[in-house]
Amino acid sequence: MNVGNRNTAGLTIGVLALQGAFSSHQRAFERVREGVRTRQVRLPRDLDGVDALAMPGGESSTMSQLLGSSRLFDAIATRIASGMPVFGTCAGVILLAKSVLDGRDDQRSFAALNATVRRNGYGRQIDSFEADIVVAGLHAPFPAVFIRAPIIESVGTDVEVLATHGGVPVAVATDRIVGITFHPELTDDLRLHGLFVDRIVGSLATNRR
Amino acid sequence: MTGDASGTFRVKRGLAEMMKGGVIMDVVTPGQARLAEDAGACAVMALERVPADIRRDGGVARMSDPEMIEGIKAAVSIPVMAKARIGHFVEAQILQSLGVDFVDESEVLTPADEAHHIDKFAFDVPFVCGATNLGEALRRISEGAAMIRSKGEAGTGNIVEAVRHLRNIIGDMRKITQADSAELFEWAKRLQAPLPLVQEIAETGWLPVPLFCAGGIATPADAAFAMQLGAEAVFVGSGIFKSDDPAPRAKAIVEATTHFRNPEILAKVSRGLGAPMTGIGMDEINQRYAERGW
Chain A
0 MNVGNRNTAG
10 LTIGVLALQG
20 AFSSHQRAFE
30 RVREGVRTRQ
40 VRLPRDLDGV
50 DALAMPGGES
60 STMSQLLGSS
70 RLFDAIATRI
80 ASGMPVFGTC
90 AGVILLAKSV
100 LDGRDDQRSF
110 AALNATVRRN
120 GYGRQIDSFE
130 ADIVVAGLHA
140 PFPAVFIRAP
150 IIESVGTDVE
160 VLATHGGVPV
170 AVATDRIVGI
180 TFHPELTDDL
190 RLHGLFVDRI
200 VGSLATNRR
Chain B
0 MTGDASGTFR
10 VKRGLAEMMK
20 GGVIMDVVTP
30 GQARLAEDAG
40 ACAVMALERV
50 PADIRRDGGV
60 ARMSDPEMIE
70 GIKAAVSIPV
80 MAKARIGHFV
90 EAQILQSLGV
100 DFVDESEVLT
110 PADEAHHIDK
120 FAFDVPFVCG
130 ATNLGEALRR
140 ISEGAAMIRS
150 KGEAGTGNIV
160 EAVRHLRNII
170 GDMRKITQAD
180 SAELFEWAKR
190 LQAPLPLVQE
200 IAETGWLPVP
210 LFCAGGIATP
220 ADAAFAMQLG
230 AEAVFVGSGI
240 FKSDDPAPRA
250 KAIVEATTHF
260 RNPEILAKVS
270 RGLGAPMTGI
280 GMDEINQRYA
290 ERGW
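Chains as they are written, first to last, in numbering that gives the first Met the number 0: chain A, 0 to 208; chain B, 0 to 293.
These are calculated hints, taken from the structure and not from any lab test.
We put the CB at the ideal spot given by N, CA and C, even for glycine.
Where hints are given, some of them may not hold.
Just the calculated beta-carbon pair ranges, DEER-fashion [unchecked claim]:
(1) A:Arg26 / B:Arg260: 45 to 53 Å
(2) A:Asp47 / B:Asp244: 31 to 39 Å
(3) B:Gly30 / A:Ala110: 28 to 36 Å
(4) B:Ala121 / A:Glu152: 32 to 40 Å
(5) A:Gly9 / B:Arg260: 36 to 44 Å
(6) A:Glu152 / B:Lys188: 52 to 60 Å
(7) A:Ala110 / B:Arg33: 22 to 30 Å
(8) B:Ala274 / A:Pro43: 29 to 37 Å
(9) A:Arg26 / B:Ala121: 29 to 37 Å
(10) B:Glu47 / A:Thr77: 43 to 51 Å
(11) A:Thr163 / B:Ala4: 15 to 23 Å
Model the full structure from these sequences, guided by the hints.
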């Protein structure tokens, strides 16, 4: 499983730090593989030297607003277009999705993930829940915490579904993007962060060749 | 779906985690709620009167009318919080049945029980409670609170009390991380707080739930001040809608909370906002809300 160790030294993962559970992602990435560093990203200049980006859970409408005022939106879009890997959880999936339902009219997304995502798809906080789910490539079930989570209603043929719950995808991936509607950063289980780091190392290595 | 668990402590604390780095704004109408969401609020607190008006009007302050809360829920897509009186578990039951996302067991309302807070483990909805010091924060957590906020002194537009409370809570946590294992027993006794929670702080250096700032924030600088002191998000009550021009101020406070360590951005967003709420000095008030709660 632990294929990333030899290549992760010096990897810098930016964590979008406009609003939300970004510190938990930092802690998870710094622990998951040796030598991985993180950096909080609030302004375009914070992206310099960042190998990949994590978009945390939080309020997607708040983040969308702040992405505009900080001019980060265009800076991130440019980096995504040139192949920067992105790990999105919950609100992060909404920011990545090609199509967003039940969002605000002015809400922007990066359209980096060929998927249709419904904001607050399960309802209000009272409908939030945790469940053990089976994830492709992980041996034991993953303890998933869903907080006012979005629902991935459909995905394109280029998107791999890594896990489903109640018949809908809850973890999806392409070669550069991992989108998870629950919160691996709220548990001590680092396997999904590890899966992303290993994928980045894989794709960066492919790139360099 | 089998195996799904709702209302667990992890699920409750999870929503508090999602509000970190954000601004929760008091609103009294659907229009204000929309303005708050437009400005980038990460949640709104639905109530009938902002604390400044509760303070002015006097009398008994209670849970808001469900119709008013429903109206605000319908107006926005972000989480909606509402306040119940300290100890008034029936108000909390009503708020939970309305589907509010977070209940604030709040000293801003008139306390309903002089000895007991609500047993918050009995609910699926998460609770936030105010605290003036670490012992109070830990007692609320031991009752099931999923988020702690400073009490500050609501409705004054004066940050001084919130600063005192944050410094109390965070300063004592710092000291506990320096204590040896025998001293933790004494800390638990002094704080009148459960020993396991004190031991957890010694290990992690922080509360087991997020710590937000509330009570007296009126400017972008106030919000950034609270964040630099160690608060993980801010509540703004009267500070927005008692100011001259709420919309730009709300947006500026959101920006300031995100870029709280960046003085250039703070200077930029603080420009031309019109007059903040007038505010009151601590020697001018006759009722300290922060003294409510036990």
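Now the hints, each set against the structure:
no.	hint	verdict
1	A:Arg26 / B:Arg260: 45 to 53 Å	violated (19 Å)
2	A:Asp47 / B:Asp244: 31 to 39 Å	holds (36 Å)
3	B:Gly30 / A:Ala110: 28 to 36 Å	holds (32 Å)
4	B:Ala121 / A:Glu152: 32 to 40 Å	holds (35 Å)
5	A:Gly9 / B:Arg260: 36 to 44 Å	violated (26 Å)
6	A:Glu152 / B:Lys188: 52 to 60 Å	holds (55 Å)
7	A:Ala110 / B:Arg33: 22 to 30 Å	holds (26 Å)
8	B:Ala274 / A:Pro43: 29 to 37 Å	holds (33 Å)
9	A:Arg26 / B:Ala121: 29 to 37 Å	holds (31 Å)
10	B:Glu47 / A:Thr77: 43 to 51 Å	holds (47 Å)
11	A:Thr163 / B:Ala4: 15 to 23 Å	holds (18 Å)
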